[in-house]
Amino acid sequence: MTEQMVEIKGLTKLYRQGDVEVSALRGVDLQIAKGEFVAIVGPSGSGKSTLFNILGGLTPPTAGTVRLAGRDLLALSEGERTNLRKKTVGFVFQKYNLLPTLTAKENIDIARYIAGVNGETDAQFQETLKFLGLSSRLNHKPRAMSGGEQQRVAIARAIVNHPALLLADEPTGNLDTENSSLVLDLLRDLNRRLHQTIVMITHNPEAAAYADRIVHMRDGRIEPQPALL
Amino acid sequence: MVNQLVIENLKHRPVRTGLSILAIAFSVTLVLTIVGLSDGMLEESRDRARGAGADIVFRSPTASFGTGGGSAPLNQKLVPFLETQPHITMAAGVLIHSLQFPNSLHGIDLERSSRMAGGLRFIDGGPFQQESDIIVDEYYAREKKLKVGSKVALLNRDWTVRGIVESGKLGRMFVQLPVLQDLTSNPGRITQIYLKVDQPSNIAAVVADLKAKQPDYGVNTMEEVLSFFSADKIPQLGIFINVIVGISVAIGFVFVFLSMYTAVLERTREIGILKALGASPGFIVGILLRESLLLAFLGAITGIAFSFGTRYLFLAMIPASMQQKISPEWWPKALLIAMAGALLGTLYPGLKAAKQDAIEALSYD
Ligand SMILES: Nc1ncnc2c1ncn2[C@@H]1O[C@H](COP(=O)(O)OP(=O)(O)OP(=O)(O)O)[C@@H](O)[C@H]1O
Ligand SMILES: [Mg+2]
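Chains as they are written, first to last, in my numbering: chain A, 1 to 229; chain B, 1 to 365.
Be aware that a few hints might be false.
Straight line, CA to CA, 20 Å or less: simulated EDC-like cross-link-like pairs of lysine to aspartate or glutamate [as the list claims (entries may be wrong)]: (1) B:LYS196 / B:ASP109; (2) A:LYS87 / A:ASP185; (3) A:LYS95 / A:GLU7; (4) B:LYS352 / B:GLU266; (5) B:LYS196 / B:ASP182; (6) B:LYS11 / B:GLU266; (7) B:LYS233 / B:GLU360; (8) B:LYS211 / B:ASP232; (9) A:LYS86 / B:ASP357; (10) A:LYS95 / B:ASP357; (11) A:LYS141 / B:GLU8; (12) B:LYS147 / B:GLU166; (13) B:LYS355 / A:GLU78; (14) B:LYS196 / B:ASP47; (15) B:LYS151 / B:ASP124; (16) A:LYS95 / B:GLU266; (17) B:LYS355 / A:GLU80; (18) B:LYS352 / B:GLU329; (19) A:LYS86 / A:ASP122; (20) B:LYS352 / A:GLU78; (21) B:LYS145 / B:GLU166; (22) B:LYS211 / B:GLU83; (23) B:LYS147 / B:ASP124; (24) A:LYS130 / A:ASP185; (25) A:LYS105 / B:GLU8; (26) A:LYS141 / B:GLU266; (27) A:LYS95 / B:GLU360; (28) B:LYS196 / B:GLU224; (29) A:LYS95 / A:GLU178; (30) A:LYS141 / A:GLU106; (31) B:LYS11 / A:GLU106.
The set of hints was computed from the structure by calculation and includes no laboratory data.
Take these sequences, add in the hints, and give me the full structure.
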């Protein structure tokens with residue numbers, strides 16, 4: 001049996017807005033193996049981002065079990081979830097989400113600083129930067145970079161601390177075809193070369209095709225796997 | 001790394017940063033100017049009192065120093081009497097009539113007072129010639145733009161400036177004693193008497209002797225009189241300064257609060273990003289704190305620089321009314337005041353930022 005990175009059983013999430021309760025996840029069961037590249041697809045409002053937020057420790061689950069790298073997320077305190085974000089997961093968002101006042105390099109450095117890592121980045125990371133095509137853009141601020149470049153910086157930032165799990169929510173949502181395939185190639189390369197476990201949320205079937213496995217969501221549940229052809 | 005972020009954040013919004021620094025500078029300048037004025041004016045009064053050249057001041061027990069009052073409780077016949085006392089070489093009576101704060105008009109016997117003060121040094125003009133003559137000091141002349149021959153209206157009368165003397169001796173405006181006695185309906189009466197003693201070592205003995213002979217009067221050495229001209233001897237002044245310090249902390253607080261509050265609102269997304277990267281609430285509050293402390297520091301430095309400017313303005317425009325001293329011992333206090341305002345102002349925005357939900361921040365459009 002392969003080692004599991006993510007084990008989810010009976011996961012539910014209720015959002016409460018005043019008197020109204022929204023059931024974003026209604027019993028999700030999902031397993032993701034170490035080194036796997038999984039795409040999650042599904043219509044708007046099906047709960048993809050909610051799953052992403054729970055996996056990333058950005059919000060606590062309501063019920064169910066979620067084990068990430070062997071740890072039970074339901075049992076984590078606020079501070080422990082902060083620690084999880086520091087070391088165990090890396091985030092890539094649709095809107096790049098770089099700090100606008102810092103340069104590309106500083107954006108990457110601050111993630112290392114927060115994680116308590118000092119000194120020079122390792123050789124492997126330097127190579128990744130080269131591969132990302134960022135070596136010459138490191139001293140630019142986000143304003144001076146294209147969307148594709150910004151998203152590549154965001155990916156570099158997400159993996160600089162070697163997270164167990166890389167989470168990406170619509171990473172190509174704001175990019176043109178050319179930049180999309182650049183970013184997707186990159187994710188697949190990270191997965192192949194470094195065995196980086198990746199969970200990517202996307203609307204785009206072409207993007208999903210880059211993954212090893214596609215998970216379909218609908219109404220807060222995982223759809224049964226379509227029969228293999 | 002964090003310092004880099006703090007500095008870049010401040011540079012990112014130059015106008016807000018500049019305004020915050022100016023506001024903090026303003027409150028620091030306010031404190032330094034008020035403190036400088038109270039120190040400066042006291043010191044100037046003290047110097048003028050010292051400049052009278054006397055060793056002992058003889059006055060009515062009800063009189064207070066610093067304010068002349070309009071009172072003339074002493075009979076001027078005391079002057080020749082005191083002069084006959086052992087060791088006293090000279091006595092000079094003055095009538096001090098308070099005008100609009102902080103000025104007063106001194107009625108003097110020019111020859112005696114000048115001799116006691118070691119000579120009033122005339123910069124222009126000379127001694128009294130007529131009853132309506134007035135002698136003013138250089139500061140008053142500069143503030144009121146007076147020259148020898150100018151007319152001044154005081155006590156419902158027109159006076160002619162006869163002479164302009166160097167500042168720092170006795171008072172700013174002098175008229176002849178009998179003239180002022182007449183005008184203020186105090187014929188033959190004076191406010192206080194300055195005494196000169198033959199040798200400094202005899203001063204204490206003379207004071208003791210006078211106290212014994214004239215128990216109804218106040219007799220003080222000049223040293224005692226001078227010690228009254230200090231802020232800690234004047235309780236109201238201390239309260240006043242505390243009020244100004246309080247107002248300054250409040251101004252600093254409000255501006256830092258507004259600045260940091262808008263910064264937190266504006267940076268909702270950035271705070272969310274930092275949280276997603278694993279930054280703790282303490283880390284985020286720490287960034288805001290550093291930012292506001294840096295603002296406070298820059299504001300305090302600017303405020304100190306500005307206080308030299310206000311000093312220059314007072315000196316150029318109203319040297320006779322207001323003298324501002326530069327008091328470097330207040331600089332660290334001013335810095336603390338600015339920091340206190342900044343810390344208070346960051347408290348609420350900081351808590352708000354720390355509590356902010358990362359997901360909502362990141363899904364912001
Ligand atoms: N913070 C929140 N508070 C209340 N309801 C929320 C919140 N976040 C999401 N929801 C609700 O939960 C449900 C699932 O939302 P979610 O964002 O997970 O969907 P999604 O699959 O990511 O959609 P999209 O493809 O549009 O991004 C939706 O009905 C949404 O309105
Ligand atoms: Mg979504």
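Status of each hint after checking the structure:
no. : hint                : result
1   : B:LYS196 / B:ASP109 : 15 Å, holds
2   : A:LYS87 / A:ASP185  : 24 Å, violated
3   : A:LYS95 / A:GLU7    : 28 Å, violated
4   : B:LYS352 / B:GLU266 : 12 Å, holds
5   : B:LYS196 / B:ASP182 : 27 Å, violated
6   : B:LYS11 / B:GLU266  : 14 Å, holds
7   : B:LYS233 / B:GLU360 : 59 Å, violated
8   : B:LYS211 / B:ASP232 : 27 Å, violated
9   : A:LYS86 / B:ASP357  : 16 Å, holds
10  : A:LYS95 / B:ASP357  : 17 Å, holds
11  : A:LYS141 / B:GLU8   : 11 Å, holds
12  : B:LYS147 / B:GLU166 : 14 Å, holds
13  : B:LYS355 / A:GLU78  : 11 Å, holds
14  : B:LYS196 / B:ASP47  : 17 Å, holds
15  : B:LYS151 / B:ASP124 : 15 Å, holds
16  : A:LYS95 / B:GLU266  : 17 Å, holds
17  : B:LYS355 / A:GLU80  : 16 Å, holds
18  : B:LYS352 / B:GLU329 : 37 Å, violated
19  : A:LYS86 / A:ASP122  : 18 Å, holds
20  : B:LYS352 / A:GLU78  : 16 Å, holds
21  : B:LYS145 / B:GLU166 : 15 Å, holds
22  : B:LYS211 / B:GLU83  : 15 Å, holds
23  : B:LYS147 / B:ASP124 : 8 Å, holds
24  : A:LYS130 / A:ASP185 : 14 Å, holds
25  : A:LYS105 / B:GLU8   : 14 Å, holds
26  : A:LYS141 / B:GLU266 : 18 Å, holds
27  : A:LYS95 / B:GLU360  : 14 Å, holds
28  : B:LYS196 / B:GLU224 : 15 Å, holds
29  : A:LYS95 / A:GLU178  : 17 Å, holds
30  : A:LYS141 / A:GLU106 : 9 Å, holds
31  : B:LYS11 / A:GLU106  : 16 Å, holds
Hint compliance for this structure: hints 2, 3, 5, 7, 8, 18 are broken, all remaining hints hold.
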